[in-house]
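Note that the protein sequences, when read in sequence, are chains A and B.
The first sequence begins at 24 in my numbering and counts up one residue at a time.
The second sequence begins at 1309 in my numbering and counts up one residue at a time.
Simulated from the structure, these hints should not be mistaken for lab results.
Just so you know, these numbers come straight off a predicted model, no measurement behind them.
C-beta: ideal position from N, C-alpha, C; glycine also.
Any given hint could turn out to be false.
What the hints assert, rightly or not - Just the calculated beta-carbon pair ranges, DEER-fashion:
1. Thr311(A) <-> Ile1438(B): 55 to 61 angstroms
2. Leu1363(B) <-> Val48(A): 24 to 30 angstroms
3. Gln1611(B) <-> Val499(A): 53 to 59 angstroms
4. Leu294(A) <-> Gly1490(B): 49 to 55 angstroms
5. Leu294(A) <-> Val1604(B): 24 to 30 angstroms
6. Leu286(A) <-> Glu1782(B): 25 to 31 angstroms
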Amino acid sequence: MEFLTRFGQTLLDNIVFMMVMLPLVGACLVMTSAGFGIESIRRTALTNVVLSLLLAIAMVTHYNPLKRTATGKPELMQMVSHNLIWLGSEHRNPADKSNSRPAVTGLNVRCAVGVDGISLWLVALSVLLTFAAVLSSWGNDSERPAAFYALLLLLESALIGVFAALDVVLFYVCLEFAVLVLFFLVSGWGGSNRRHVGMTFALYNLAGSLLILLGLIGLVTSYAWMQSLQPGGNPRLVFGIGEMTHGLRSLTGDGSVSQQYWLYARPWIFLVLVAGFAIRIPLVPFHTWFATANVEARSTVSVLLSGVVLKIGCYGLLRFVVPIFPGICPEAFGFLSPVVVAGVVFAAFIALAQDNLRSLVSFASISHMGICVLGITTLNLVGVTGGLLHLVNHGLSVAVLLLIVGIIHTRSGRQSWQSNDAASKRRPLLKWFLAIAVLSLIGVPGLNGFASETLLLLGLFDSNPAHAVWVLGANVLLAWAFLSVTQRVLMAGPSGVFADLSGRQLAMLLPLVILIVWIGVAPHFFVARIEPSILELLSAYSSQ
Amino acid sequence: MPSTLTILVPHITLLIAACVFLIAGSLTQKKWLWGPLCLAVFLLAAAALAVNGELTNLGGRSMQAVNGSHQVIHDGIAWGMQWMCLGVGGLFTLMAIANGRELRTSSEHFGLLLLIVAAMMLVSVANDLIVLFLALELFSLTIALLLFQQTSRSPATHFILLNLFVSALLLFGFALLYGLTGTTNLSGMHEILTASYTPAKTGMTVPDGSRLGIVSLVLIFAGLGFKLAIVPFHFAVPDLFESLPPWHAGLLAVASKIVGFVAIVRVLVQALAGFEQTAQLTALVLAVLTMSYGHVMALRHTQLRRSFAYLTIGQGGLLMVAVTASLWNADRLSGAVDVRAIANLPDGLQAGLLLLLSYVLATTGLFSVLVYLARRDRQMEYIDDLRGLVRNEPLAAACAAVFLISLAGVPPFAGFWARLFVLTSTLNVHAEISVAPFLIPHAAMLALAMVTAANIVLGAVVPLRIVSTMLLQEQIAQPRPSGGRAALAAAAIAAVATVGLGIAPNSATSFCRTMVTGGSGGRPADVDRRPNPKAASTDKGHSRHK
């Protein structure tokens, strides 16, 4: 019995690692089941995402934001597995009888994963949206189904890896791998111009990734160089994100010997990293890859693209930029945020001019991502928490919207759904869900968008009221755009006879809608898991 | 203790076998015999090499000292590069086996391949300017024979004439170097130059050699740059690739890169001391020019082998980045000034060897796919010929996709790790320590890192475009490929290695570290004194190809 409890505990402690590996195994299984017909492919993929979903639920319930270590310090990063060494070899000195950790030679790059308040909901979101994506492509998967489902699962694994990685190299590998998989997904399945769009997407993002890589290498080597200044220092490259962040903070405090170096190096590293993440977010001058790819891709893929992949940029800001550059962020964000505000308003205006719901959603997403960045630039607890929660909320709402667009696509058989392709009056559920998604994107009270935007705007009013007014203005524009298109969709007469949602479609939409309402009505459950980590994140700022 | 003769046993085996092949080919009509026989010869040489490795006790003691004062040396680089050469030889033999009926005289063909591999291995062990030059000439002349055997058109003539001219330059450079130091032995030369020109001995803060040495340096760069297809010396390569069948083009692409890189490492990185700054500046400019030119030109072409030719030029540029990084790193400066180097930062040499390994695997595999796909009447000529390949030939397309993605440097394949190491190694070059109180990166090297990063993106365009053509476009009707299953097997072996090194990069990096440090850790902080089990397993992995 005790053995079973211990076994269960071990499983729970390594749950994030299992969540990364499970879709990889699933992808192999899907490829091998290709010979047994489309039904077995679908079942394999579905089983895999359902298992992932169960693991995600277990992860969320197992995460305890108030957990403390034996010494009483808060332990925010939980369910950490870091024993797998990727580069470098571990060896134990035979003379050393104590059971301390064996020394590692070489680079010491590890497959280390774990979640804290920043990544918890993003990991869960990736799993949930992949589940919805797999369900939504049933019946629409006659073209190379095995490859499609396998790529979806690989994408899931890569995205979880990006959010859960505790090692710089693992983070980067997952980031690039996600681009590669999305390149195949975008240019393999979708509209007529998909190959060109896929290529643009891949190159834009590879360029962004390489900027991120340069910035990360800069951080890692800077830390090593600064170690060399410490008396008796034995400089090493450290790839663990947590260790590196703490080390950089402790070495660059006031009066330390390395401060001179850091003052010289940090603006460049900051600039490169922010530029790389800006492409990923995407901030406005760099948004073109997303606007085209999201419209051209199959709706299943664009669910993941705008639902999860867009979140990587903001996550990167929270994981690397905010904690590592406390001395430079307030000032630099002061320069950045007017640009972001301009982008938010610009994207909202463009959204207003769109007639096609898919491209409307694209530009609205660009605008919303800008708003999330503004939440992060406030650097106060409320604003950053709001920004992070808004990332999750935007993912949920946009996913519902795009899934419904996909359903109508499939049924009407049209390549691009114009707003006048009216929904039938005989589909009350579909219309309800559409309305909920749109209203939550607009930020109507009682739905999730309201909860996060209120937090975000509170933080923004605190730091920069003028920007908050601009954001409100952009929100009005977006509401106008969404309402006018939705009005035409919902109120127009029937253009064909369709059945309402099937059980499968209900199964994919219902969890999302429940979450939308849940976060809207009782956001505490979600915010409580985020806040301690944000507090810890901002601790460097409060001391200044 | 291995003497010169024992070190040369694998080479002598290959050379004798090559003579037998070339003579006996005219005595018998049994053409099917030669391929398997050639594989057997490679296996024999591999066994001899393995025994050599045991004798020099890789892993336990450092191999630097073995036979250091003689004409040939057996150190980590020699050991690793010889395995790489034998692996390449084995894979190209496999590719040629099924291709045999297309070739005019197959025994000559295999005999020349044996000669080429023997020359490559000689270059790897050469510790003397004369041995090195003879090995390089043996290599060039055998390649020339092979080219003329296949095609007598002008590109081959052009290539061979250029080759002769460049050999003369190289010889002149070597002669000047001999005049400067009074010895042809590379190890001895290093000692003499260190004593005369490095800061530790002369008290100069910046190492800088004599004018004579700089002239010879430039000449040697020209001579060896031609082998690597560095930019001002690249002109013959694209035309040649386009006119050659894939087997020959692939051999040229892989073998000359190996030879060029090893020779540059032996002469410019390991032997020359005191010319680091000049050499580094030259290498930096050449690296930037070469990779930018190669990657940009590759964008413009639709002829398959021609765009591969430009891609290989670009890869040569990346190799030069690694050379640049290895020319003047913390190791070089230690002893001169108080340097606390970062213990586990990969140095340029290790990064370059890793890049070379991933490049060799990917390129060999890619060309073996092309060999496999050859039709009875014509080769794959244009990128569009590969449209929808995955429907007709799923295995070949999957292998080719692995190689191309690895060449594009996207994880999770071997090429990604190589690029990561190259980028990181450029940051190991520090600015002058006496100016700043701490280690700061060399500004030129930071700029180089930026250009390299841009080039990695640029270099991903063509491979990804070909991948999307193969996997995502509608197929076109094609006759069945007639290249034979053995070529596909070679591709599969290379693909397995590429994927394996991508998922478990540890084996590749420790293989390369063993090459650089000779089995024991290089720097005091990072010593691993146990026998290295990883290196031994990699070694088996490579002999598996034979």
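Within 25 to 31 angstroms: is that where the Cβ-Cβ distance between leucine 286(A) and glutamate 1782(B) falls? violated, 58 angstroms
When you take the CB atoms of leucine 1363(B) and valine 48(A), is the distance between them in 24 to 30 angstroms? Cβ of leucine 1363(B) to Cβ of valine 48(A): about 45 angstroms, so the range 24 to 30 angstroms is violated.
Between the beta carbons of leucine 294(A) and glycine 1490(B), is the distance compatible with 49 to 55 angstroms? holds, 52 angstroms
For the pair glutamine 1611(B) and valine 499(A), does the Cβ-Cβ distance stay inside 53 to 59 angstroms? holds, 56 angstroms
Distance restraint evaluation - threonine 311(A), isoleucine 1438(B), Cβ atoms, bounds 55 to 61 angstroms: holds, 59 angstroms
Is 24 to 30 angstroms right for how far apart the beta carbons of leucine 294(A) and valine 1604(B) are? Distance hint for leucine 294(A), valine 1604(B) holds at roughly 26 angstroms.
Checked against the numbered hints given earlier, the structure breaks hints 2, 6 and satisfies all the rest.
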